[in-house]
Every structure is written in structure tokens, then in C-alpha cells.
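Sequences and hints are given; from them, build the entire structure.
There are 2 protein chains.
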Amino acid sequence: MDIFVIGVGLIGGSLALDFKATNSNIKVFGIDKNRDNAIEAKRLGVIDEIASPDDLHKADMVIVSIPVDASLKVLMDTLDKINDNAVVVEVGSTKVSIVNAVANHPKRRNLLLTHPIAGTEFSGPAAAIRNLFKGKTNIICEVEKTAFKLQEKALGMFSQIGMRIRYMDPVAHDKHIAYVSHLSHISSFMLGKTVIEKEKNERDIFDMAGSGFESTVRLAKSSPAMWTPIFEQNKDNVVETLEEYISNLEQFKQHLINNDFKAIYNEMQNTNHIKEILKGIIVNA
Amino acid sequence: MDIFVIGVGLIGGSLALDFKATNSNIKVFGIDKNRDNAIEAKRLGVIDEIASPDDLHKADMVIVSIPVDASLKVLMDTLDKINDNAVVVEVGSTKVSIVNAVANHPKRRNLLLTHPIAGTEFSGPAAAIRNLFKGKTNIICEVEKTAFKLQEKALGMFSQIGMRIRYMDPVAHDKHIAYVSHLSHISSFMLGKTVIEKEKNERDIFDMAGSGFESTVRLAKSSPAMWTPIFEQNKDNVVETLEEYISNLEQFKQHLINNDFKAIYNEMQNTNHIKEILKGIIVNA
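Line order of the protein sequences matches chains A and B.
Residue numbering for the first sequence follows this note's numbering, beginning at 850 and increasing consecutively.
Residue numbering for the second sequence follows this note's numbering, beginning at 850 and increasing consecutively.
It should be emphasised that the hints constitute simulated quantities derived from the structure, not laboratory data.
Fair warning: there could be bad hints in the mix.
Identical copies look the same in the list; a pair holds intra-copy or inter-copy alike.
[Said to hold, decoys possible] Derived pair list, reagent style BS3-like, types lysine-lysine, alpha-carbon separation capped at 30 Å:
1. Lys891 - Lys1128
2. Lys869 - Lys1102
3. Lys1102 - Lys1084
4. Lys1024 - Lys1102
5. Lys891 - Lys1111
6. Lys1102 - Lys1047
7. Lys1111 - Lys956
8. Lys1128 - Lys983
9. Lys1024 - Lys922
10. Lys983 - Lys1124
11. Lys1084 - Lys1047
12. Lys1102 - Lys1124
13. Lys922 - Lys1111
14. Lys869 - Lys1111
15. Lys1002 - Lys907
16. Lys1084 - Lys998
17. Lys1111 - Lys876
18. Lys1102 - Lys922
19. Lys869 - Lys1024
20. Lys1084 - Lys891
21. Lys922 - Lys1002
22. Lys956 - Lys1128
23. Lys1047 - Lys983
24. Lys1084 - Lys922
25. Lys1111 - Lys1084
26. Lys1124 - Lys1002
27. Lys1047 - Lys1024
Below is the structure:
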């Protein structure tokens, strides 16, 4: 089976590694507009061969794992080029823009829209790791629009690498993911910014920051090239979550200013409830 | 050497475990206003004996590791009760209120003000773990106001359990720590709140939340009883950091509304610089 990975970074590269590890008959071809990435991916054994878009007609499966803005065009071109039995798997963090872009493509039934909820704050071929997806959720959108045999093939492979499959409407996906992923990233980036601006003397941050700070700003290491188009495509939902977040922060600040420490206590106690929710995530991680 | 730990939770309990592990001649006595905590600490081997404040005259060292509001009074009472050669080690997350409270106590020179920058989101005796402090920083305030021999004894023990020692003015401590610790906690609590409010159906959070969300809201599991008095005592600094954080979030939101994605990209790229700062923390963690 010949799998082509377009964008041999964290997600595409990690999928390539897991698919190869669970299927002995897989050969992975890498396509990357950045030639250095492709070369590094081959050197690291993430891909077997470097390929070009002109080779896509040979693919049994194509994984498109590039920033979601570039994805809009690349998905259309890829669908144009593949053979009738190939499945194209898209793995981006937004879905509505993509659904709209591909809606009328004659090969729409060759496309499966997925969002594997997995990742790290790193990027590029060197960030690709084994078992990134084990125990994680893969959200599938508009599954009914993909040819049944192709769904079956791709979803079987995701199950094989340890993923739980969930189905969701693209509008609901973009709305919920704004809360549990996109807002976390903005919160983290702006926290990093606030601290860096204040603490010009980095030595002070370095000495005083503990693991709590590290954990909260971890996502501020994420790739701007990946995240800018996500925020652009999911702008309305992201703005809404930001407004609610800012309003909660404002309220907390007002409680402080009013010396209402009973309210401060209650805010935190009510949110402690997140423990039970997170337990679910961690158990399944 | 008889060490009394007042408040046998995460910090006090973990210090007890490390001190016992690095010094064979140490016996640890636990004092906790919650009798169940004291019993559990003994059962877990965190302390050797349960004691009461009336026993404090026998102590060679007293660690006061309770919420910073209770600490103000307990520190005074403890200094009243100890013998002249004992050292009282305070480990709270704020310093100015404490410095002011103890300034005129006749046994001020028996007190060492420390802030071990270490912890987890858990609390209580069961949260006490070995090596919590290894490679972490301990910030010492007003070191010159502690008798030299007592400084030497306590700091020697902190070095022995692997801590780096840094000296800082209490005002500077409270200002910097508001950025690198207190703000992180509020950011995390409010993120948790925003998501919980929106996602009444917890199943959706559970299924869609990945390790990024988990990392960003980890601190929202922290104890309200510990954090409320910290925010109260450091109110002015915390309000200032919150204002800057909210203003950065507002600006980010405006860039989104204005479709200024170049600015969004730049905000993230500039903050990526946090990587280098965090590398320092992690290397030393």
C-alpha cells in the first residue's frame, strides 16, 4: 500500500511512523514544499521516499497535513490527481471552511475529513513520534459523504494505531474545538506575552518560574504558521470564546478589587470540578 | 534533630520526606488543625509523630506550611513558643504581608522567609512526594534579618535536598511572582470556568480535549483554600498583571475582528521566544 504524506511534520510524520509500524506492507512517500523538510524526514526514516504532486496518481492513500489555509487548495489539487480508488485523509483543526471548499468536487467521496486530537507544541519532521495517537480521539466530519469502502479502510487504520473514533457535524466541531483547543492556545500565547513584556530581565523569569508556569505557557511554543490560519478560519467561534474568557477574567479582577474573597474562593472551587473532566482525558491518554 | 511541620500537606509533607531521606538523625513531628490530615500523614510515613503547638518549645526547626492568611498568626504564635536556638522556616507564596506581620517580633532573627518554587496541583498529606524540590529554586527574603547560624543550618538543608538558593527583596518577590505564578493560576482557573460554562455536556469536552487543554487547565485543580489568601495578600500586583493580560487578550481579539492575521502571526512568533526561557526552567527542573 502506497501512502503519500503531504506535509511531513508533527502530524503527518507521526501518522506515517504509526501506519508503517502497524502494517508491514506500507510504503510512505513524502511531499513537502520545503525540500529540507522532505530530506530530513527521509533521513529520519519518517518517510521512505521523497515524491512530488505529479506522483499522486499512484497513491492508495494521501494524508494532507499542512496548515489549514494551504490545505484548501492542496485538497482540491490532490483530489484532481488521485485515482478513483484512493482515499484522501485531511487532518486539520478546522472543518467548516474545508467542507465548503470541497463540497462540489467530483471526487468528494474520495475524501475523509478527520481531526486527530493529538499533538505536541513542536513541529517539523523531527517532531514526528511513534504512538502520538494512542488512546486519543479522532473526530470524523461528514462521514456519510465519503465512499463506504474508503471510510472503512482509513478508519480501520486509525483504530489500529489506537484511536477512538467519534463523529461530529463540522459546525459543532468548529464551535467546540474553539473552546477546548483554540482558546487554550490564545490564553497560553497571551500569558507568555504578558510575562515576557514585563520581565525584560529573563533571569528573573527563569529563576522564579516553576512547573505550573511551564505547563500553562507550553502551548505558546506552537507554530504561528499552523495557528494563524486556524484562527482565521474559525474566527467567529474564536472571537466568541475570547469574549467569554475576557469577561470571566474581568469578573475575577472585579472580585479582587471589591475585596470579595468569598467570590474568589467560590470561582475556584466551582472550577475545581475540572478535575473529574480531566481524569477522563488522562485515563484515555 | 526534631523538626515540627505545621500543616502536613503538599509542601510541608514533601519537605519532611526529603529532609528525613537526607538526614538519618531527623525526627518529624506533625501539627495540623485538621486531625485527619495528621493521622493520614503519620500513616503514610510523612511524619513520625503527631504533635500539638504546646510541644513547639522542643523543636530544633519548625516549618510553617499553611495558607498564607493563617500563616500570619501562626508564625507569631510559633515564634512565641520556640526556644532561642530554633529556626522557623516559612514557605508561603507571598512575602510582603508576612514581612510586615513579623517585623517587630522579638524572635524575628529565628525566622527564615523562603519560597520554594515547587509544587503540584494536588494538596493534603497524600500529595507529599520525594524529590519535589530537586533542581528547583528557593527564594529567600530578608536573609539578613535571620541569625547567621540559623540561616546556615536551614539553607544547608535546602541545598542538601537539591535546591538552588536565590535572594530577593520581598517587594520584588511579590511583584515578579504575580507574573510567573499567580497570573498563571488565574488564567488557568478562568479558562476552566469558560469551558465548563459552555460545555454543559461534559462528554463533548472529554472527547475533544487533548493534552494541550489538559496542560493549560492543570492549575485549575489547585486548592482554593491555599490560593484565595495568596490573591488577597498580593492583590495589587495580581490586579496589575490581570489588567495587562486582559489588555493583551483584547488586542488579540481586535486583530481577529480586523482580519489582521499578519499581526496575529507576529504576536505568536514574538511569544515563541518563550521556548528559550522555558528551556532554562526544564533543564533545571
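Pop the pair Lys1084 and Lys922 into one bin, within, between, both or neither, using alpha-carbon distances up to 30 Å. Intra 19 Å, inter 51 Å, cutoff 30 Å: intra-copy only.
From the Cα coordinates, with 30 Å as the cut-off, is the pair Lys1084 and Lys1047 best called within, between, both, or neither? Both, since 28 Å and 17 Å are each at most 30 Å.
Status of Lys907 relative to Lys1002 across identical chains (alpha carbons, at most 30 Å): within (17 Å within a copy, 73 Å between copies)
Homo-oligomer pair classification [Lys1024, Lys869; C-alpha up to 30 Å]: Result: close neither inside a copy nor across copies, 34 Å intra and 52 Å inter.
Tell me, please, which holds for Lys1111 and Lys1084 at an alpha-carbon limit of 30 Å: within, between, both or neither? between (36 Å within a copy, 14 Å between copies)
My question is about Lys1084 and Lys998: at a cut-off of 30 Å on alpha-carbon distance, are they close within one copy, between copies, both, or neither? Answer is neither; intra-copy 34 Å and inter-copy 61 Å both fail.
If the cut is 30 Å between Cα atoms, do Lys1102 and Lys1047 qualify within a copy, between copies, both or neither? both (19 Å within a copy, 21 Å between copies)
Checking Lys1124 and Lys1002: alpha-carbon separation at most 30 Å within a copy, between copies, both or neither? neither (37 Å within a copy, 39 Å between copies)
Please work out whether the CA atoms of Lys922 and Lys1111 approach to 30 Å or closer within one copy, between two copies, in both situations, or in neither? between (53 Å within a copy, 20 Å between copies)
At most 30 Å between CA atoms: does that hold for Lys956 and Lys1128 within a copy, between copies, both, or neither? neither (41 Å within a copy, 46 Å between copies)
Identical-chain pair category, Lys1102 with Lys1124, by Cα at 30 Å: both (24 Å within a copy, 29 Å between copies)
With 30 Å as the alpha-carbon cut-off, assign the pair Lys1047 and Lys1024 to within, between, both or neither. between (33 Å within a copy, 10 Å between copies)
Of the hints listed earlier, those the structure fails to meet are numbers 2, 5, 7, 14, 16, 17, 19, 20, 22 and 26, in rising order.
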